[in-house]
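A.B. asks: Sequence:
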Amino acid sequence: IGFQGNTMSLYRNSAWFLKGMTEFTRNAFLSASKRFVEKDLEVSMAGRAFMITGANSGIGKATAMTIAKKGGTIHMVCRNKDKAEEARADIVKETGNKEVYVHILDLSETKKVWEFAEAFKKKYKALNVLINNAGSIMSQRDTNAEGLEKSFASNVLGVYILTKSLIPLLEKSADPRVITVSSGGMLVQKLRTGNLQSERGRYDGTMVYAQHKRQQVVMTEQLAKTHTNIHFSVMHPGWVDTPAVANAMPDFHQSMKDSLRTPEQGADTVIWLAVSEAATTNPSGHFYQDRKMVSTHLPLAWTHSSALEEQKLMSVLEDLAKTFQPH
39 IGFQGNTMSL YRNSAWFLKG MTEFTRNAFL SASKRFVEKD LEVSMAGRAF MITGANSGIG
99 KATAMTIAKK GGTIHMVCRN KDKAEEARAD IVKETGNKEV YVHILDLSET KKVWEFAEAF
159 KKKYKALNVL INNAGSIMSQ RDTNAEGLEK SFASNVLGVY ILTKSLIPLL EKSADPRVIT
219 VSSGGMLVQK LRTGNLQSER GRYDGTMVYA QHKRQQVVMT EQLAKTHTNI HFSVMHPGWV
279 DTPAVANAMP DFHQSMKDSL RTPEQGADTV IWLAVSEAAT TNPSGHFYQD RKMVSTHLPL
339 AWTHSSALEE QKLMSVLEDL AKTFQPH
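First residue of the sequence shown: 39, per our numbering; consecutive thereafter.
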């Protein structure tokens with residue numbers, strides 16, 4: 039890998055940063071929003087159920103708030119009970135919608151994800167939209183009770199299990215959709231299936247996170263092929279001022295804070311993908327930025343992976359998921 043690898047990652051990082059400065063900032067959102075069709079979001083969501091992971095702050099909360107205003111039933115899936123209840127109270131107070139439910143789950147606890155999804159399917163008759171928003175950036179490598187690296191467990195395996203397990207419920211609900219909140223950081227990463235648990239090499243939390251975000255894109259593309267009656271999409275919210283960014287990337291947050299998007303701006307495309315009719319006129323399995331399908335690769339960045347690698351990711355996830363499935 040050596041020199042060539044370093045030059046390539048330098049090129050990718052610079053190309054990414056330049057792209058980011060022109061497309062991921064608050065100003066970029068304001069200029070993109072000039073072409074948004076306002077009536078796309080003028081829809082009632084009464085009678086539709088939405089599950090949003092990480093719904094107590096940042097993009098997740100902004101998404102929950104807007105959809106609750108439109109009358110949707112909200113299932114907030116959060117780690118922290120107090121924060122979740124506080125966010126729920128805010129949402130109910132601001133929207134007058136009482137159909138907001140809190141479910142406590144840590145996505146990094148693999149067995150619990152299965153148990154939660156199985157219990158949810160027994161209790162609820164419909165789920166129209168699943169929004170995989172929760173994400174975790176670790177500053178150092180840590181493992182969960184099952185011995186899996188924590189951020190992989192929550193960003194990749196947890197998302198896979200939650201989605202896979204809820205597919206039967208989504209499939210029998212009207213106009214089912216799955217939206218995963220990825221990150222532009224994935225543009226600097228090529229899919230790697232050899233070191234999924236980050237056991238080898240130095241642990242760089244933000245790069246591990248970016249790799250997971252690439253894996254989410256591949257996962258979305260693959261699930262869209264297998265489950266053709268659900269509309270899958272994955273999106274990049276831009277550079278958003280959220281507690282997660284401030285904690286995980288303090289230097290970036292500090293130097294960029296005047297250009298970062300608000301959580302509401304970051305949530306715009308999530309909401310558009312979740313509620314608009316326009317979104318489902320696009321084919322399933324694509325990557326979006328500011329309500330538009332965009333490429334999942336930077337030009338000349340050599341981040342394309344083979345069909346074989348992509349199949350491999352899916353079969354590894356399937357095997358791992360099965361290992362922890364309650365019988």
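Think of the hints as simulated: they come from the structure by calculation, not from any bench.
All C-beta atoms, glycine included, are put in the ideal place defined by N, C-alpha and C.
Incorrect hints may have been included.
Unchecked claim - Keeping only pairs whose Cα atoms sit at most 27 Å apart, straight-line, the calculated DSS-like set for lysine-lysine is:
#1 K77 x K119
#2 K131 x K149
#3 K350 x K72
#4 K360 x K149
#5 K159 x K228
#6 K108 x K150
#7 K228 x K160
#8 K77 x K202
#9 K150 x K161
#10 K149 x K350
#11 K163 x K149
#12 K228 x K202
#13 K121 x K159
#14 K210 x K228
#15 K119 x K161
#16 K163 x K263
#17 K108 x K149
#18 K360 x K77
#19 K150 x K350
#20 K108 x K161
#21 K119 x K107
#22 K119 x K163
#23 K263 x K295
#24 K107 x K150
#25 K350 x K360
#26 K136 x K107
#27 K108 x K136
#28 K107 x K149
Stated by the list, open to error - So the derived label-pair ranges between C-beta atoms look like this:
#29 D357 x K263: 42 to 48 Å
#30 E80 x T361: 29 to 35 Å
#31 S71 x K121: 28 to 34 Å
#32 E80 x T60: 35 to 41 Å
#33 T244 x K330: 44 to 50 Å
#34 S343 x Y49: 14 to 20 Å
#35 K131 x N233: 24 to 30 Å
#36 A53 x Y139: 25 to 31 Å
#37 Q178 x K131: 25 to 31 Å
#38 T60 x P321: 24 to 30 Å
A.B. asks: Does each hint fit the structure? Answer for all of them.
C.D. replies: Status of the hints after comparison with the structure:
no.: 1; hint: K77 x K119; verdict: violated, 36 Å
no.: 2; hint: K131 x K149; verdict: violated, 34 Å
no.: 3; hint: K350 x K72; verdict: violated, 41 Å
no.: 4; hint: K360 x K149; verdict: holds, 10 Å
no.: 5; hint: K159 x K228; verdict: violated, 35 Å
no.: 6; hint: K108 x K150; verdict: violated, 31 Å
no.: 7; hint: K228 x K160; verdict: violated, 38 Å
no.: 8; hint: K77 x K202; verdict: violated, 32 Å
no.: 9; hint: K150 x K161; verdict: holds, 16 Å
no.: 10; hint: K149 x K350; verdict: holds, 22 Å
no.: 11; hint: K163 x K149; verdict: holds, 23 Å
no.: 12; hint: K228 x K202; verdict: holds, 24 Å
no.: 13; hint: K121 x K159; verdict: holds, 25 Å
no.: 14; hint: K210 x K228; verdict: violated, 35 Å
no.: 15; hint: K119 x K161; verdict: holds, 20 Å
no.: 16; hint: K163 x K263; verdict: holds, 25 Å
no.: 17; hint: K108 x K149; verdict: violated, 34 Å
no.: 18; hint: K360 x K77; verdict: violated, 43 Å
no.: 19; hint: K150 x K350; verdict: holds, 25 Å
no.: 20; hint: K108 x K161; verdict: holds, 24 Å
no.: 21; hint: K119 x K107; verdict: holds, 23 Å
no.: 22; hint: K119 x K163; verdict: holds, 24 Å
no.: 23; hint: K263 x K295; verdict: violated, 39 Å
no.: 24; hint: K107 x K150; verdict: violated, 31 Å
no.: 25; hint: K350 x K360; verdict: holds, 15 Å
no.: 26; hint: K136 x K107; verdict: holds, 10 Å
no.: 27; hint: K108 x K136; verdict: holds, 12 Å
no.: 28; hint: K107 x K149; verdict: violated, 34 Å
no.: 29; hint: D357 x K263: 42 to 48 Å; verdict: violated, 19 Å
no.: 30; hint: E80 x T361: 29 to 35 Å; verdict: violated, 46 Å
no.: 31; hint: S71 x K121: 28 to 34 Å; verdict: holds, 30 Å
no.: 32; hint: E80 x T60: 35 to 41 Å; verdict: violated, 30 Å
no.: 33; hint: T244 x K330: 44 to 50 Å; verdict: violated, 26 Å
no.: 34; hint: S343 x Y49: 14 to 20 Å; verdict: holds, 18 Å
no.: 35; hint: K131 x N233: 24 to 30 Å; verdict: violated, 46 Å
no.: 36; hint: A53 x Y139: 25 to 31 Å; verdict: violated, 43 Å
no.: 37; hint: Q178 x K131: 25 to 31 Å; verdict: violated, 38 Å
no.: 38; hint: T60 x P321: 24 to 30 Å; verdict: holds, 26 Å
Comparing the model with each earlier hint shows violations of hints 1, 2, 3, 5, 6, 7, 8, 14, 17, 18, 23, 24, 28, 29, 30, 32, 33, 35, 36, 37; every other hint is respected.
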